[in-house]
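Student: Residue numbers (our numbering), protein chains in the order written: chain A, 18 to 440; chain B, 18 to 440.
Please note: incorrect hints may appear among the correct ones.
If several chains are the same, the list does not tell them apart, and a pair holds so long as it fits within one copy or across any two.
[To be verified] DMTMM-like, lysine to aspartate or glutamate: derived pairs with alpha carbons at most 20 Å apart:
hint: 1; residue 1: K218; residue 2: E133
hint: 2; residue 1: K363; residue 2: D334
hint: 3; residue 1: K293; residue 2: D328
hint: 4; residue 1: K22; residue 2: E65
hint: 5; residue 1: K218; residue 2: E263
hint: 6; residue 1: K318; residue 2: D334
hint: 7; residue 1: K218; residue 2: D64
hint: 8; residue 1: K293; residue 2: D433
hint: 9; residue 1: K363; residue 2: E337
hint: 10; residue 1: K366; residue 2: D334
hint: 11; residue 1: K22; residue 2: D64
Since the hints were made in silico from the structure, they are not lab data.
On a predicted model such as this, the values are computed, not experimentally measured, just so you know.
There are 2 protein chains.
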Amino acid sequence: MQITKASIITIGDELLIGQVIDTNSAWMAQVLNKAGITVSRRVAVGDEWNAIWEALDQEMESADIILLTGGLGPTADDITKPLLCEYFGGKLVLNQGVLNHVTYLFEKVYNRPMIERNIKQAEVPDVCTVLHNANGTAPGMWFEKDRKILVSLPGVPFEMKGLMTAEVIPALLKKFSLPVILHRTLITAGIGESFLAERIKEFENSLPASIRLAYLPNYGMVRLRLSATGFEREELTAAIESKFTELQDMLADVLITNQDQSMEEVIADLLRSGHKTLATAESCTGGYIAHLLTAMPGSSKYFLGGIVSYDNQVKQDLLEVTPETLYTEGAVSEATVRQMVQGALKSIKTDYALAVSGIMGPDGGSDEKPVGTVWVAVGNSREIITQRFRFRFERRRNIELTAVNALNLLRKFIIDNTVSTIN
Amino acid sequence: MQITKASIITIGDELLIGQVIDTNSAWMAQVLNKAGITVSRRVAVGDEWNAIWEALDQEMESADIILLTGGLGPTADDITKPLLCEYFGGKLVLNQGVLNHVTYLFEKVYNRPMIERNIKQAEVPDVCTVLHNANGTAPGMWFEKDRKILVSLPGVPFEMKGLMTAEVIPALLKKFSLPVILHRTLITAGIGESFLAERIKEFENSLPASIRLAYLPNYGMVRLRLSATGFEREELTAAIESKFTELQDMLADVLITNQDQSMEEVIADLLRSGHKTLATAESCTGGYIAHLLTAMPGSSKYFLGGIVSYDNQVKQDLLEVTPETLYTEGAVSEATVRQMVQGALKSIKTDYALAVSGIMGPDGGSDEKPVGTVWVAVGNSREIITQRFRFRFERRRNIELTAVNALNLLRKFIIDNTVSTIN
Chain A
18 MQITKASIIT IGDELLIGQV IDTNSAWMAQ VLNKAGITVS RRVAVGDEWN
68 AIWEALDQEM ESADIILLTG GLGPTADDIT KPLLCEYFGG KLVLNQGVLN
118 HVTYLFEKVY NRPMIERNIK QAEVPDVCTV LHNANGTAPG MWFEKDRKIL
168 VSLPGVPFEM KGLMTAEVIP ALLKKFSLPV ILHRTLITAG IGESFLAERI
218 KEFENSLPAS IRLAYLPNYG MVRLRLSATG FEREELTAAI ESKFTELQDM
268 LADVLITNQD QSMEEVIADL LRSGHKTLAT AESCTGGYIA HLLTAMPGSS
318 KYFLGGIVSY DNQVKQDLLE VTPETLYTEG AVSEATVRQM VQGALKSIKT
368 DYALAVSGIM GPDGGSDEKP VGTVWVAVGN SREIITQRFR FRFERRRNIE
418 LTAVNALNLL RKFIIDNTVS TIN
Chain B
18 MQITKASIIT IGDELLIGQV IDTNSAWMAQ VLNKAGITVS RRVAVGDEWN
68 AIWEALDQEM ESADIILLTG GLGPTADDIT KPLLCEYFGG KLVLNQGVLN
118 HVTYLFEKVY NRPMIERNIK QAEVPDVCTV LHNANGTAPG MWFEKDRKIL
168 VSLPGVPFEM KGLMTAEVIP ALLKKFSLPV ILHRTLITAG IGESFLAERI
218 KEFENSLPAS IRLAYLPNYG MVRLRLSATG FEREELTAAI ESKFTELQDM
268 LADVLITNQD QSMEEVIADL LRSGHKTLAT AESCTGGYIA HLLTAMPGSS
318 KYFLGGIVSY DNQVKQDLLE VTPETLYTEG AVSEATVRQM VQGALKSIKT
368 DYALAVSGIM GPDGGSDEKP VGTVWVAVGN SREIITQRFR FRFERRRNIE
418 LTAVNALNLL RKFIIDNTVS TIN
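Next up, chain A with everything else stripped away, as it sits in the complex (with noise of 0.2 Å):
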């Protein structure tokens, strides 16, 4: 099957010296993708002519489509557009489109006065299409060369997107004829990579070669993707759920999600959908538990909030955990968990609540309760469950895996209880 591969350069010093974090790449690889065509190849290089030259000799190699993004901003500006003039032939000239769009910008959005730098912007190679930036001062450039396409985009995020979604995508679409390329993504928690692996490998050996299976671990979570390629959407997208659903049945006891979803959006889901609220007591995450859950939208509606209990005498005065449980049993134990969600549950009035206490290290361990070592317990006004773990990580990895054990403690609790509560 003929494949259309793209490559995408980015352009930039800070990329080199890990001051940034490239989320450009991963966002244009994902809406090429669904496009249908197969990002072969990413290469960072710095601000520098020949890094750039060469990079563009490679990639014009070995892909179909190039897209680079960076080097346009108005302190950028001197060496990305001269070296793509140069490179495909053309000279520098002024666009009055362009320069009309800059001064419209300049004089009804940014309320700022233009200077020579801004001007230069409008300044494009003339062997390019424009591509009209509508949220910024750079446009996009289209070349043509040996049958090749190379697109320059401006490396700020939101005006690569809009140029991607409203310019090149579509005029990719129109000049190739593209494969269909669909994914399907189910996560598995509680068994290894290695485990899992063993136990689908005669499905593995069975998918047809359209059909391919990724393995993605995280925090003791398996991601599981099929990504299947062809021409026929409808036998394509019948042959990728067959094998999926396949898939989710040998998986049944292991499986968390099958959506392409992060613990919390299927405690969100899970919330949604039965209506109810959930409060979080947390000691040894400190607020991390609560923060996932509020890091995404909407979470209102069924986080109503939470306690951070760091220090003992908060979990007594607003968890009314005993003074005889945290001396007798200590803070890190069952006892104390079980009366933080009861706490909890109480005090913020929800229908489930959450409760972590454990230690994060490096410090604090004993023989008997060495680092790593957590209590969660989970439960609503009519039952609480509990679960021991002992985590061997560093600090920050010990309150992520705590986190995301916790809330898969939580999310078994909320199903088997909706169950019970349906028959």
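Take the given structure of chain A and dock chain B to it, following the hints.
Tutor: This is chain B only, laid out in the frame that chain A set:
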């Protein structure tokens, strides 16, 4: 001056379909830079033999050091290791040291039985030096060819970081006569990058060739980093220190810290040195501020707890915000955050309290209070100060900006307060 160049190659289809954002490369670039190694290119390719092989050829061309991450998990084993074997002309052999470590991990840490796949992780090319991966089963592998060095590392971030810090960087420092690179960083707040640049233009021009100045704007703060490169450590140290002192004096009024610290580390130092305690009352940041503070080891010394009052009823019940205030002023108001501070001081009994309430988006905005509107209050038993902010980004960024600016207001309050009590 002879510079040592590195290329970073990241292997994984997930990067090419944009399912995962590559944070590894940025981190690696940072530590390589600190070590005096210049990262010249970053390349991402899929889990495909030819793609990896070609990338190796290309980067071996242009760089002295190639760092390869990914493609080493128990399920991905099948390509990278055999390829490296063939590329460097060796064969796979079982490494007893690695096998012992893998066995240990399964018996003592994972408490899971080992299977064939896991044992395969202990197979390494006989032409490489094995680097011990304390955090996982996939070892690092160090190859040398034509006076070039290639290091293969697992893609799991904390495994890669552990290997880089403990094994790779020290070995590279031994191998190459790298220049001394000294960095001195200070952080400013409340002044834009361009104004800052204007203010220190002459200072910047006065810098010797051996010292570079970098602007690292981030969340309304700007980090200024002086980097001195050379071979005479003493001379270089003297030069950068005198310039750094000069810079600090010029920026005294906007200086937050003369260390390369996060805002929460600055707060931690202030609280620790003054033997003071802190409580948080968060609405719109949903526990993120408490998380930032508690992510640091030893934070229980000064952070006693927090209340995430996402729902208005929680603001009333746990922070004693009056229904009248919520009705007349609204949850996002100066009056509300003032009462939140009072409530937090009362219920958590700390020296200082911080409160935030705002609209993080995408929904919930109004003409009067658009998305991004935030009220922050900080105070102690004697005084409360407030500040209104307006952020214009998407939800996650607005949350981060709120946190850092709230902590900065707290920082100023603690300093003013400490001074006034000393006088």
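Student: Against each hint, give a clear statement of whether it holds in the structure.
Tutor: Results of checking the hints against the structure:
| no. | hint | verdict |
| --- | --- | --- |
| 1 | K218 - E133 | between (63 Å within a copy, 13 Å between copies) |
| 2 | K363 - D334 | both (13 Å within a copy, 11 Å between copies) |
| 3 | K293 - D328 | between (29 Å within a copy, 14 Å between copies) |
| 4 | K22 - E65 | between (25 Å within a copy, 14 Å between copies) |
| 5 | K218 - E263 | within (13 Å within a copy, 65 Å between copies) |
| 6 | K318 - D334 | between (27 Å within a copy, 18 Å between copies) |
| 7 | K218 - D64 | between (46 Å within a copy, 18 Å between copies) |
| 8 | K293 - D433 | within (14 Å within a copy, 45 Å between copies) |
| 9 | K363 - E337 | both (10 Å within a copy, 16 Å between copies) |
| 10 | K366 - D334 | both (17 Å within a copy, 10 Å between copies) |
| 11 | K22 - D64 | between (25 Å within a copy, 15 Å between copies) |
In summary, the structure agrees with every hint in the numbered list given earlier.
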